[in-house]
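A.B. asks: Using the sequences provided together with the hints, build the complete structure.
Residue-level listing of the chains:
There are 4 protein chains.
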Amino acid sequence: MRKICIVVGSRANYSSIKSVMLAVRERKDLQLQLVVTASALLERYGSPVQLMEKDGFTPAATVHTLIEGETPLTMAKSTGLGLLEISQVFHGLAPDVVVTVGDRFETLATAIASAYMNIPLAHTMGGEVTGTIDESIRHAVTKLAHIHFPANDAAAQRIIRMGEDPSAVFTVGCPRMDIVSAIAAKHANPEGQEMLALEGVGGKLDFSKPYLVVMQHPVTTEYERSAEHMRQTLEAIEELHMPTAFFWPNADAGSEDIAREIRKFRERNDDSYIHFYKNLPLESFIPLLLRCACMVGNSSAGIREGAFLGVPVVNIGTRQAGRDRGANVIDTDYDRRAIVDAVRKQMAHGPYQRNAAYGDGKAGKRIADILATAPLRVQKRLAY
Amino acid sequence: MRKICIVVGSRANYSSIKSVMLAVRERKDLQLQLVVTASALLERYGSPVQLMEKDGFTPAATVHTLIEGETPLTMAKSTGLGLLEISQVFHGLAPDVVVTVGDRFETLATAIASAYMNIPLAHTMGGEVTGTIDESIRHAVTKLAHIHFPANDAAAQRIIRMGEDPSAVFTVGCPRMDIVSAIAAKHANPEGQEMLALEGVGGKLDFSKPYLVVMQHPVTTEYERSAEHMRQTLEAIEELHMPTAFFWPNADAGSEDIAREIRKFRERNDDSYIHFYKNLPLESFIPLLLRCACMVGNSSAGIREGAFLGVPVVNIGTRQAGRDRGANVIDTDYDRRAIVDAVRKQMAHGPYQRNAAYGDGKAGKRIADILATAPLRVQKRLAY
Amino acid sequence: MRKICIVVGSRANYSSIKSVMLAVRERKDLQLQLVVTASALLERYGSPVQLMEKDGFTPAATVHTLIEGETPLTMAKSTGLGLLEISQVFHGLAPDVVVTVGDRFETLATAIASAYMNIPLAHTMGGEVTGTIDESIRHAVTKLAHIHFPANDAAAQRIIRMGEDPSAVFTVGCPRMDIVSAIAAKHANPEGQEMLALEGVGGKLDFSKPYLVVMQHPVTTEYERSAEHMRQTLEAIEELHMPTAFFWPNADAGSEDIAREIRKFRERNDDSYIHFYKNLPLESFIPLLLRCACMVGNSSAGIREGAFLGVPVVNIGTRQAGRDRGANVIDTDYDRRAIVDAVRKQMAHGPYQRNAAYGDGKAGKRIADILATAPLRVQKRLAY
Amino acid sequence: MRKICIVVGSRANYSSIKSVMLAVRERKDLQLQLVVTASALLERYGSPVQLMEKDGFTPAATVHTLIEGETPLTMAKSTGLGLLEISQVFHGLAPDVVVTVGDRFETLATAIASAYMNIPLAHTMGGEVTGTIDESIRHAVTKLAHIHFPANDAAAQRIIRMGEDPSAVFTVGCPRMDIVSAIAAKHANPEGQEMLALEGVGGKLDFSKPYLVVMQHPVTTEYERSAEHMRQTLEAIEELHMPTAFFWPNADAGSEDIAREIRKFRERNDDSYIHFYKNLPLESFIPLLLRCACMVGNSSAGIREGAFLGVPVVNIGTRQAGRDRGANVIDTDYDRRAIVDAVRKQMAHGPYQRNAAYGDGKAGKRIADILATAPLRVQKRLAY
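Chains as they are written, first to last, in my numbering: chain P, 363 to 746; chain L, 363 to 746; chain G, 363 to 746; chain Y, 363 to 746.
For the record, the hints were derived by calculation from the structure and aren't laboratory data.
Fair warning: this is a prediction, and the values are worked out from it, not measured in the lab.
Please note that the accuracy of each hint is not assured.
For chains that are exact copies, the list does not tell them apart, and a pair is met inside one copy or across any two.
[Unchecked claim] When the alpha-carbon atoms are kept at most 20 angstroms apart in a straight line, the in silico DMTMM-like pairs for lysine to aspartate or glutamate are as follows:
#1 Lys626 x Glu405
#2 Lys626 x Glu561
#3 Lys626 x Glu586
#4 Lys640 x Glu629
#5 Lys640 x Glu561
#6 Lys566 x Asp632
#7 Lys390 x Asp527
C.D. replies: What follows is the structure in structure tokens.
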């Protein structure tokens, strides 16, 4: 029986790997070892670890690795601390395969620990092209991984071009869409959406009117300008003045600046039409997204889930640059005027056609099957 | 004036980057910041930091990062600790460019620190193909680096195929050959070689007779078999019974096992024909290599310096698998019989033609020129 | 010239050592090396490092050491990380004496780094008796320190009874009172207090009416009950319903729970009579304290500055248990009823006589003089 | 059932706590959790962890925490790393009581982790007076511990004078003597001692003649003079020129210098009368000590086991200064002449009377009984 160790470092990580966890748990020939770390342990990100426990997953280990400060320095140091700690955890758990998700710093720490400890490493969501430091991290993880689970063929092709062994690259779809698909199916009719106002704080949202979803994270390579970037978006929201579901930023260099900008905005302006969320379980977020008039910001949710659900999206700035996207996205600069215009255009257009580019909702099972049966090798070699 | 921070983590690192350090120091528009770490600080590796100081380089910072144990776990943890500490050092030094060398774990720690801290990263010796975990590390560092200094065109082509921007890839030669070339020139005549017996311990070597140079390091992906591998080599040496310059292994998972095997051998056998070295400055090593009858083991010195100097080499096992090599190398398995036969064949052949595949001895100056003038970018993006 | 390295880890630390820093800077035979770490670097504690810079102190090093989570585990880990990092900093700065303040975890990390590195360690505020983990930390630091600067004779006697060499124990007063004294003198007349409303958020305070100052921190040995403790205090405030200056808690295990309790309270109750402060420079805090009708909570400010200024204080729970106190303090349990009654009693009494038990406002200069002249020894030995 | 977590960081630690481990394992109401760390994991200290496993103890966790370098800096950093890692281990094991042994840096790391994590801490061998940094560490640990197990009444009195609650101080004897006593009983007759020559390396010892046991460790507060100190001892041995069992030093700042001095001595002198040991299980060491003509150096074994066994001892320098000692010890300075004279005096005297000052061989059971029944408190307070 193979021991499959899955490392989850954030709430987003969890949604992106949950269907794999479920599928691994199903198989008799696999044993799931869940390691929870980084912001997935922190209350100020909604204690995602509790969510996992509610879903019946018991962590084999929990490791605090985030060093306070949210500067580039503390991101680097947190990666170092994560590596120190996670390798110790692997020493205790002795997994047969480690699974690492995406492109965050705990992803890299996990990958290095596995590589040095001669544990075969599987990586989901590799081969995609985006902006920020995530881009470098993701490809570095690809060079350390032994089994690749890209979301689509374009990503798979990039992984192979980077010199990975094609027999170790499996196009499976994005496991996150498995969850999105199930939730969206459950929420075919609109009732229950009022419940969303019970979460978060701030003004009460009238979901019967067209509303915005806003989600804007710091860009690590531009983190000194995070506050200015957020200001443009906030001013656009102020001008649009329609019901708005607003999300606090991720833990990354610059997020403290963004948060302060938001607080300033709230103190100076009427914000009664805005409802603020720290974190929303995907179970609540997907229905929210499903019916919004337009999603605004720089979250990958607009590109990925947005494509899957056909949601109109205004994507701001460089954070998603290069990412494969569908017809549902309009890109703009960090500019209040441009943002307002794009949102109005999207509202005029209305919902888009659904698009399966990030998967068909069956990635989790596919991945578990491959984890159970793929040959496990440790030595890698550039394929050219 | 650009501040160029060069991180040196071992004696081998130092020889591989010294000519760059010299060339950076020469330029008025560059300021050298030397960071010394890992085994480069340790007495049991000959305190390479003292060598640097003797050469007139004053470290801007020294950081101990090696966790004792020499298992895969401690290698991973040492990388984590290195990342924690080196990022703190970068915070203090605020360099404009960081230079990282090769493929050791401090190389990776340095690369990640730079990447997260938005400091442009230059990498030497990328794009090569070898065995062991070094292979994965090297390519992961390539994916984090902004400026690439491969040793030859084959390596440069591989870097570009991995998706790096061709305008950031500069074939410059291996800077280590700059030093090798200078030393070899100085030692055109054989006198002074007797001096070598003053370093190291054990039997006195008669350099007037044909002698072997043996250097065998643990292979991290096979580290449990390090002792057995070393035993085969030691038995071959016992059979050949000719003057032998023998080097202790690198600090890596498995090196303690190798060391114990050597100690056992010394207690059980006549070892009066073997002279043992812990570390030898390149200034002594190159003359030693230059005139040896055959070099035996799995060191890259056989492939790289050996090609440059035309030295007959018997390369054992997988550690150098895939590395571009010249006609001077015969590969064998971990097998006493095969090793003995190959050595005898090489001795019958004698010295080979010199080969400039790893550079023409002018890499250091080229690199310094590029560091002074290349555009510095932080955001990377896959070129396809 | 002796190099005096002072490590500051929080805003409170800074006020407690600033007069020493000023006095060290004054002396020609001393050189100040300022190291800023822990919460003193964090924006969510008001970026105390910027305050230092405004006061003309340039950090020789800044080190992020707080691991997010605010549980006992992360406090222990943060101490470990602090020790790792601060010892590295001492290696670079090579101070002749290190000064550590009080009893927080960075205090202990600093003390251990000095002790192992054979650097004479001076400690302020030792020998006091309080509750919580601080009690153990403070005395452990005493056992590592070489020069002791207790605030009063009772503390000095305890240090000596613990086996410290009496010739190394100097009763100097609390350096914090130097600052308090100067500020209080400047604010003899009430004008300018209105300015306080410009800092913090929430309801506008009418300083012409009797007002409360509330400051309640988590107790690390009871941290699971932090929320309940805070609830009792909040309910007492609700009942008293008078102008209230309310402070957010320190970064310690339990502070997140307290913060949530406060947020809940604000969402459910009219809080228009409460003004919320995250951090207040001592320059603003002392005038606020000086004229308040009563200080409520478990901060040492009530016991220490309160005694010095003659402020009526209601001290709740165990956090200050054992600390020497003046007539100005009434102690109560974590109980809404008891708190309300005690506050009413204090308001009936009004201001108390000033008391110099924690110093006469000249500690800083005394300490600097001793640092310049005391013999520096490293080897300690129990005096009995 | 109480979970008793015992942290073992060196071979010496193990002998000092083994009888407690045995007694804890015996009791039905206690569960033993063994954590092995620091040099107890390292092959170059004889892999003490394997010894524990052979004795039937399975580690609940193993943690590498030693940073290479053996300077004061790396000792401080290793303590920090130990604290980071050991607190994580406690988080997983959730012990009811932690037991920490003596005064090494892992002892302190263990103590701080327990203190911050609100886990009652028991400490053995507190209250003793010695030289070096151990002195400060030991008393700092006392200030963090909740239950004290001193070896004798003098030590117990010192602990109480330091302000510890007398009801938490239990004079139990040194658990190491439990083991010593059992071994000594087994070796009443001299046969089997020849076996000792099978361990270690170097000259064959003739145990039928009077022989010396030499054990000299670096003194951390004088670590720059470690080499000179060892030279004096080596010259004394050279002059005495009698059969000598010689032990390599502990891992501490300065041990590398001592080791080099020994190597130099071996290269320059006839060392055929010296047998070198890296580590000797107590099972072999006690018989060796029992019959030696004189023990020389600065190990506590001379003072403690020596008193217990009545062995003549020449104790050199400051390392054991202040430690309670019996009539069997002559103290000398770091001086070849004085050492030679003292050894000759001891040889003239011959064996001493046995002395039970460090216990009667029943400490382990006493400690286990108390661990099972003592009230467990977390909050400490100075008793005066």
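A.B. asks: Would you list, in rising numerical order, the hints stated earlier that this structure does not obey?
C.D. replies: 7
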